[in-house]
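**Student:** Chain residues, written in single-letter form:
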Amino acid sequence: MFSLPTSELRKGLSQYSGPVLVYIDLSGFSASWEKTLAMLSKRQHIYYGVLDPKKQVKNVMELVFGGAVDYLCGTQIAHELGIKRIKKITAYLKKYRIDYSQTADHEKKIAAKSIEYIPVAGGWQDIVPGTEYTFSIMFVELDDQQEMEKKYGKKNLESALEVFRRYIERNSTAFGGRLWMWSRFGGIVLFPFNAEDSTAVLCGFRLMLYKFMHDVEESFFPHFISFRIALHLGNMKYQENNTGEVISDSINSIFHIGKKFAEPGNLYVTQEIFNYAPAPIKSYFKSAGTFESRPILKMRRPIIET
Amino acid sequence: MKISARLQRLITEALAHSLPVQIMVRITKIVDPDYDLYERTGFPANMPIPNISAARQITIDIIAQGLLIDFIEAMIDVHENGIMGKTYHIRLLPQIIKEIEALGYSYNHDEGTFFEKSDGLKTMNWGILLPGKMYDLTFMSIDIVNNTQLVRKYNKEIIAEVYADLKEFFTREVEKRNGRIWNWEGDGGLAAFNYDDKNVKAVLSGIDILLDLFLYNLFKCPLKEPLQVRIAVHTGPCQFSFNIREIQSETLRTVSELVTKYGLPDHLTISPSVYSDLGSKLELFFKPITLKSSNFVYQYHVEWED
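Chains A and B are the protein sequences, given in the same order.
Per our numbering, residue 1 is the first one in the first sequence, and the count goes up by one each step.
Per our numbering, residue 307 is the first one in the second sequence, and the count goes up by one each step.
Simulated from the structure, these hints should not be mistaken for laboratory data.
Mixed in with the good hints there might be a few duds.
[Stated by the list, open to error] Examples of chain B residues toward chain A, derived with CB under 8 Å:
{"#": "1", "residue": "L316"}
{"#": "2", "residue": "I389"}
{"#": "3", "residue": "L510"}
{"#": "4", "residue": "I513"}
{"#": "5", "residue": "L516"}
All C-beta atoms in this analysis are idealised placements derived from N, C-alpha and C, irrespective of residue type, glycine included.
Could you build the full structure based on these sequences and the hints that come with them?
**Tutor:** As structure tokens, this is what we get:
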């Protein structure tokens with residue numbers, strides 16, 4: 001029950017990541033109660049009921065349209081408000097109102113969700129095509145593709161793209177990764193998952209760290225290149241050939257993150273793979289929100305002093 | 307370097323059957339500007355010297371002076387690009403190159419130079435610098451920050467392990483780019499770079515060492531604090547000696563001053579003469595620092611996004 005000033009209420013609610021059900025006693029808010037309710041309506045994951053002992057509300061329907069989930073006035077408050085009613089409201093909210101995909105709790109659930117990981121201890125030598133395993137999956141793709149197509153002749157572009165592909169392949173191989181799918185500007189690298197840690201995150205981290213060295217020493221592009229990396233941990237049935245026909249939720253997810261969510265020049269990891277990232281580099285990642293119900297983290301990048 | 311009789315014969319034959327005496331002398335003067343064939347052979351100045359006599363004498367003298375590698379490089383250059391507006395086809399060059407390679411060198415066509423083979427012994431003069439002669443070289447100096455305090459604070463074994471690790475990746479990054487370690491002492495070292503792109507190679511090695519050290523501190527360093535270094539690069543003339551303590555060189559003094567006076571922890575400091583040679587991409591890594599004397603140095607260090 002809250003009868004605090006709006007600022008205090010806001011502060012009090014901010015400590016909950018939601019969903020939260022609060023009851024607002026209008027008698028404690030003088031004339032400012034409408035503003036307070038408007039503020040609550042805008043907050044995600046906050047659901048509110050209204051207690052109106054002095055019957056100040058003239059149009060209850062307007063309250064409901066404004067977002068209130070319960071309303072009690074006068075003597076109803078003393079008689080009706082109890083655990084039984086709150087349970088009913090909670091059940092209603094769970095069924096009809098709460099979008100769990102938008103809540104921090106759900107994020108934690110996703111993160112902790114125990115997908116049945118199928119680790120493989122011996123790396124690639126233990127992997128049998130046609131069998132399902134857990135992989136660290138790395139999506140990598142160059143940015144500014146259309147501009148490159150316009151700017152460079154086909155032959156020059158293909159040579160430069162080949163140098164970039166080799167950069168990704170060489171560095172991935174050093175961490176046990178294998179270029180599994182590649183199409184001119186980028187592709188997918190798979191790293192067998194051993195249930196203990198994900199070398200793929202360190203691989204991506206290094207690709208970003210040494211990117212400028214690649215630009216200067218190896219790259220055929222005359223400008224500094226920019227590429228996106230997305231990393232995820234998931235299961236898929238491994239196939240060596242016909243990789244275009246693989247149906248995998250994990251592959252779909254990584255493509256969506258890489259193509260739709262990732263900003264140019266950045267590296268993103270899902271919470272699932274971040275849980276297995278080497279501890280020393282974890283502080284170089286920060287939250288980037290959620291995408292398709294999945295918490296995503298973004299790497300803080302090294303920058304050059306220009 | 308032990309020169310076989312076969313190689314000596316091949317060079318003599320190549321000169322005698324491919325070039326007039328005047329051009330033989332020209333090529334010899336590229337590596338020894340004061341060379342006087344008449345004085346060496348004893349022929350009177352008004353008498354033409356037979357081709358075979360000139361070729362024999364030049365071959366003997368070049369080998370005796372330790373200028374064989376430079377001389378063969380000059381012969382290859384004349385064969386490929388001509389001299390004094392005329393082209394000359396020099397016979398037996400492939401066999402001569404093969405014999406030189408058997409001595410532990412490999413020929414780099416792009417740079418037109420012989421290198422000591424990367425899998426062989428690496429000498430501090432690349433097998434070609436001669437004691438007492440002046441060369442334009444680039445130097446990289448590295449200095450461990452707070453060496454004295456570290457030595458006092460940690461036991462011998464830990465310090466020995468950490469410094470050995472540093473020396474290992476210092477050597478790796480320098481030799482990867484055909485540089486040579488000239489000196490390594492308890493608290494730092496000195497590397498030299500030769501050939502056309504020596505400035506770029508020294509700077510890239512310096513950046514790589516800072517990046518390697520960053521990862522080393524994250525994952526491996528047994529110290530409670532990160533191991534820090536100061537690195538500087540400068541280029542200029544230097545008289546070569548196998549004993550580094552004998553070398554009196556303003557260039558070496560300057561690189562030492564750059565690292566001790568202007569160097570900062572985890573920074574690479576370079577002189578303007580190195581900076582001017584870096585090219586449009588690499589120069590963006592550096593920012594100018596104005597000194598009290600109104601001169602500039604340029605510095606790089608790894609910076610991270612917030």
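**Student:** Please check whether L516/B passes as an interface residue: C-beta within 8 Å of a C-beta belonging to chain A.
**Tutor:** Hint on L516/B: violated, closest Cβ of chain A at ~11 Å, above 8 Å.
**Student:** Holds or violated: L510/B as interface residue toward chain A, Cβ cutoff 8 Å?
**Tutor:** holds (6 Å)
**Student:** Have a go at the L316/B hint: is there a Cβ in chain A nearer than 8 Å to its own Cβ?
**Tutor:** Given a least distance of 37 Å, the restraint on L316/B is violated.
**Student:** Return the status of the interface hint for I389/B: holds when the least beta-carbon distance to chain A is below 8 Å, violated otherwise.
**Tutor:** violated (34 Å)
**Student:** Once the shortest beta carbon distance from I513/B to chain A is found, is it less than 8 Å?
**Tutor:** holds (7 Å)
Violated hints for the displayed structure, listed by number in ascending order: 1, 2, 5.
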